[in-house]
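As they're listed, the protein sequences go chains A and B.
Residues 1 to 279 (this note's numbering) are what the first sequence spells out, left to right.
Residues 1 to 183 (this note's numbering) are what the second sequence spells out, left to right.
To be clear, the hints were calculated from the coordinates, so they are not data collected in a lab.
These figures come from a predicted structure and were not determined experimentally.
Check the hints yourself; a few may be wrong.
[To be verified] Stretch-level coverage of chain A by chain B, calculated; a stretch enters the list once three of its residues show a Cβ under 8 Å from a Cβ in chain B: (1) 76 to 88; (2) 151 to 160.
[As the list claims (entries may be wrong)] With the C-beta cut set under 10 Å, the calculated list includes, among others, these residues of chain B facing chain A: (3) ASP18; (4) PHE22; (5) ARG35; (6) ARG63; (7) ARG64; (8) ASN66; (9) LEU106; (10) ALA111; (11) ASP112; (12) GLU117; (13) VAL130; (14) LEU133; (15) PRO134; (16) LEU158; (17) CYS160; (18) SER161.
Just so it is clear, CB atoms sit at the ideal spot from N, CA and C, and this is done for glycine as well.
Here are the chains, one letter per residue:
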Amino acid sequence: MTEHEDHDYFGQVERELRHAIRTGERLDSGRRPRFRGVATRPFGRLGFAFAGVTAASIVAAVVLFTVGLGADTQQAFAGWKPVPTRPAKGQRSAAEQSCRSTLSSLGQLEHRGASKVAIPKTHEAEALERLERVARSKVPPARRWKTVAVDTRGPYTLSLLFDGHRQAECFTGPSRSGHRFGTAGVDSYSRAPAPAAGEIGDFVGGVTTIGGAKGSYTFAVGRIGAGVRGVTLLLADGRQIVTTTAKGWYLAWWPGRSHATGAEVRTANGTRRVHPNFP
Amino acid sequence: MRSLADDSELIAATLAGDEDAFALLYRRHLPVVLRWCLHQTGNAELAADLAAEVFAQALVSARRYNSEQGELLAWLLGIARNKLRESRRRGRIESGARKRLHFEALPLQDADIERVEELASLDEEVMRLVADLPEEQRLALLHRVVEERSYRQMASQLRCSEAVVRQRVSRGLKTLRAQVKER
């Protein structure tokens with residue numbers, strides 16, 4: 001990248017990266033937070049309800065931490081819980097309906113043609129249109145999707161679906177204005193081998209925003225090996241998020257943009273802390 | 001020699017403020033990341049845009065990388081996957097990390113698009129053949145072809161004359177060509 005670095009894109013990217021290192025700003029600290037004590041003895045049954053003293057202490061700890069997130073984030077996801085909750089009557093079916101509708105509308109857009117998709121009128125418009133087309137062309141009809149796991153936290157529902165080739169996550173819940181919102185993301189199904197027994201792996205996730213920065217939430221979906229009974233994610237801001245585990249997967253979400261720095265994996269042999277390379 | 005440093009050493013150096021270290025990582029892994037992006041998006045412009053975001057995010061999150069938990073490339077591709085997922089959700093290529101680092105808007109030109117194809121076509125099999133070359137030839141080829149260094153720079157880095165560097169590159173290419181023909 002030397003001979004033509006004055007004008008080439010990748011050379012310019014490199015210079016921007018170098019500049020960022022020189023200024024040294026805005027990089028993650030990478031500091032691992034100190035977590036409160038967590039039981040390391042084997043649990044009898046955890047299930048999604050995660051009842052008991054341990055859960056109560058985690059909830060208490062998390063509530064303390066979430067207060068620090070600020071009123072806006074709290075309001076954006078009022079009723080959110082750090083542990084999965086039992087779904088209210090009709091919550092799962094409403095979420096499923098919303099999800100299928102969202103996935104279906106993605107499919108319809110494909111048939112209508114990408115020209116109907118609203119995209120910014122910038123020099124990137126054509127490229128963006130192609131992205132839309134590529135993304136949507138890979139969305140199969142909604143009827144093929146099968147729900148694999150459902151995570152409910154208060155009035156919010158995160159569902160994981162598969163169609164055999166692709167996976168999708170749907171997120172639904174009440175918005176601040178009182179209406180329901182529904183979002184869906186589709187991705188190619190990872191063909192990586194399942195994690196070994198007692199391990200977790202293949203984390204996917206990211207930060208997503210609903211209705212502006214105040215509506216940011218982060219979700220995590222990952223695979224679990226045989227014998228894993230529960231996974232608790234440890235966030236950089238100190239929160240601990242008990243995930244839902246089902247059919248070889250764990251999933252969870254939380255308000256804000258804090259990333260996972262580690263996880264506590266529970267098996268019949270006890271609970272151990274791991275620090276995978278969560279991207 | 002810096003180019004022999006493994007990824008974790010380069011990440012550590014980056015965190016200590018060594019910009020050359022991250023530049024080397026960038027050059028080392030750009031072809032594979034770019035190829036992945038191109039395969040996923042089917043579009044050279046989007047692939048370039050996405051790859052830039054991946055490396056910006058990798059820099060932002062460099063402290064979170066733990067070499068004991070896996071290869072850097074796997075981590076980079078994990079970032080790429082998440083970025084692509086979010087891009088699809090939003091209908092535009094994610095740029096959060098670049099904004100955070102205050103990257104300037106980088107327009108793509110025709111030559112850049114060609115470069116995407118070029119970089120992405122650095123075939124894995126060929127790279128494996130490169131890995132089997134004698135050390136001197138391998139280093140010379142990586143410097144020249146992958147990292148696009150000038151012969152003058154290479155001579156300085158490898159502490160030899162430009163003529164010697166040219167000879168090593170030439171021999172490396174000759175060996176590669178012979179091996180590819182055999183297949």
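Comparing the hints with the structure gives:
Residues of the stretch 76 to 88 of chain A with a Cβ under 8 Å from some Cβ of chain B number 0, which does not satisfy the need for three, so the listed coverage is violated. A stretch counts as covered by a chain when three or more of its residues have a beta carbon under 8 Å from one of that chain; for the stretch 151 to 160 of chain A and chain B the count is 0, and the coverage is violated. Below 10 Å, beta-carbon pairs count as interface contacts, and B/ASP18 has one with chain A at about 8 Å; its hint therefore holds. This hint holds: B/PHE22 has a C-beta 6 Å from the nearest C-beta of chain A, less than the 10 Å allowed.
Hint status for B/ARG35: violated, given a least beta-carbon distance of 14 Å to chain A, over 10 Å. The beta carbon of B/ARG63 comes within 2 Å of a beta carbon in chain A, closer than 10 Å, and the hint placing it at the interface holds. The beta carbon of B/ARG64 comes within 5 Å of a beta carbon in chain A, closer than 10 Å, and the hint placing it at the interface holds. Against a cut-off of 10 Å between C-beta atoms, the interface hint on B/ASN66 holds, since the closest Cβ of chain A lies about 6 Å away.
For B/LEU106, the interface hint holds, the least distance from its beta-carbon to any beta-carbon of chain A being 5 Å, beneath 10 Å. A distance limit of 10 Å between C-beta atoms decides the matter here; for B/ALA111 the minimum to chain A is near 7 Å, and the interface restraint holds. Because the smallest distance between the Cβ of B/ASP112 and any Cβ of chain A comes to about 4 Å, under 10 Å, the interface hint for this residue holds. Contact between B/GLU117 and chain A, as hinted, is not supported at the beta carbon level, the nearest pair being about 13 Å apart and thus beyond 10 Å.
Interface hint status for B/VAL130: violated, as the beta-carbon distance to the closest one in chain A is roughly 18 Å, over 10 Å. Checking B/LEU133 against chain A: minimum C-beta separation of about 22 Å lies over 10 Å; hint violated. Below 10 Å, beta-carbon pairs count as interface contacts, and B/PRO134 has none with chain A, the closest being about 25 Å; its hint is therefore violated. A cut of 10 Å between beta carbons decides the hint on B/LEU158: the least distance to chain A is about 15 Å, and the hint is violated.
Evaluation of the B/CYS160 hint against chain A yields a violated restraint, the C-beta minimum of about 18 Å exceeding 10 Å. Taking 10 Å as the C-beta contact cut-off toward chain A, the hint placing B/SER161 at the interface is violated, the least distance being around 18 Å.
Checked against the numbered hints given earlier, the structure breaks hints 1, 2, 5, 12, 13, 14, 15, 16, 17, 18 and satisfies all the rest.
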